[in-house]
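**Q** Sequence:
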Amino acid sequence: MTTLSGCAWIGFGGGRDAPPDEHGLYATHGGDLQRLDGDREWEMETWEVRSNLSPGTEFVIRHPEARGDADSLKEMIQLRRVAWVRSEITREGDIGPVDGSSWAVTEVDSLRVPFTVETMDGEAGVVRVIPDDRLERGLYSLQLRTRSNTLSARLGVDWNSVDRRQYSATHCVDRYLGEDTRYRPCAQQEQALASRWLRIHLVEPEMRDVAGQRRLVVQGVVINTSERKRRVPTLEAQLRSGDGEVLKRWRFDPATAELEPGDSARFRGEVPDPPSTTRNVHVTFSSLDAS
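Just so you know, my numbering puts the end of the sequence shown at 888, numbered straight through with nothing missing.
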């Protein structure tokens, strides 16, 4: 028996359903197997069933290349929330409507769904994919990426009962066009555009003694390197130790909200009694979803 993540799938007779006969991606719940992948016409015909699976759904994959240890299998298998694409952003920073589908499977870390895998005794190439937690309502993507091909399927969990606007807002991304199309959470759009066109130059921090209190002065400038007016987002400063640990962080707005091409804006702040282990200061553009 091969054991992955501390357990192995015993198969039919051991309390779980029998493996599928055909190669593919399957959902399983209560002993029933539901095929998930197929051609475009089949996917459209079966969407009503595949979009309203149970939160307790697990998955089964049958493929001759689905072999190896737990880490190898997890590299091949991906379970993600499907994202809603709000806009497309060009290299120049122009924001436009989405060309094509408004739904996408992305590499955004926050949309990954953690899972464990089990192999089946005596059945090579059969893997069970078990989400760590019950699946929340919404849209998902299951993929198996092997050397020879990729199997992919989309599915829904109680999708008919989901508030589509709320789901779109929670799982919102922007598509950044270029040589390699990339996706970022919508909350990071301002940060991403600022990082592309605005440059932060930090002056060497200075320690001062004011009325017997140690105060660290953090100052610098933000420069607009582009050929158009740019908005300057909120800045975030961090005090870090020698090994990179963030000891303190705070956010602040620059003195100037917008910069013309080539213009710059100064920023300055003071930190009373900074941690004694502070070794460097880092200033960047703040993301709305940063912790």
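Be aware that one or more of the hints could be misleading.
Calculated lysine to any residue pairs in the SDA-like style (CA-CA distance at most 20 Å, straight line) [unchecked claim]:
#1 826 - 854
#2 845 - 866
#3 826 - 861
#4 826 - 776
#5 845 - 867
With beta-carbon atoms standing in for the labels, derived distance ranges [claimed, not checked]:
#6 720 - 758: 31 to 37 Å
#7 858 - 643: 50 to 56 Å
#8 689 - 642: 25 to 31 Å
#9 873 - 707: 31 to 37 Å
Just so you know, these hints were derived from the structure itself, not from any lab.
Source: prediction; values computed, not measured.
Even glycine gets a Cβ: it sits at the ideal position worked out from N, Cα and C.
**Q** Next, verify each hint and record whether it holds.
**A** How the hints compare with the structure:
Restraint check for residue 826 and residue 854: satisfied, since their Cα atoms lie roughly 11 Å apart, inside the 20 Å limit. Between the alpha carbons of residue 845 and residue 866 the distance comes to roughly 14 Å, so the proposed pair stays at or under 20 Å and holds. Distance hint between residue 826 and residue 861 is fulfilled; the C-alpha atoms sit about 11 Å from each other, no more than 20 Å. For the given pair, residue 826 sits about 25 Å from residue 776 by alpha-carbon distance, which is inconsistent with the 20 Å threshold.
Using a Cα cut-off of 20 Å, the hinted pair residue 845 and residue 867 holds, with the two alpha carbons roughly 13 Å apart. At roughly 35 Å, the beta-carbon separation of residue 720 and residue 758 lies within the given 31 to 37 Å, and the hint holds. Separation of residue 858 from residue 643 is about 54 Å and conforms to the stated range, judged on CB atoms against 50 to 56 Å. One distance hint, 25 to 31 Å for the beta-carbon pair residue 689 and residue 642, is violated here, with the actual separation near 42 Å.
Between residue 873 and residue 707 the beta carbon distance is about 35 Å. The supplied range of 31 to 37 Å therefore holds.
Hints 4 and 8 from the list above are not met by this structure, while the remaining hints are.
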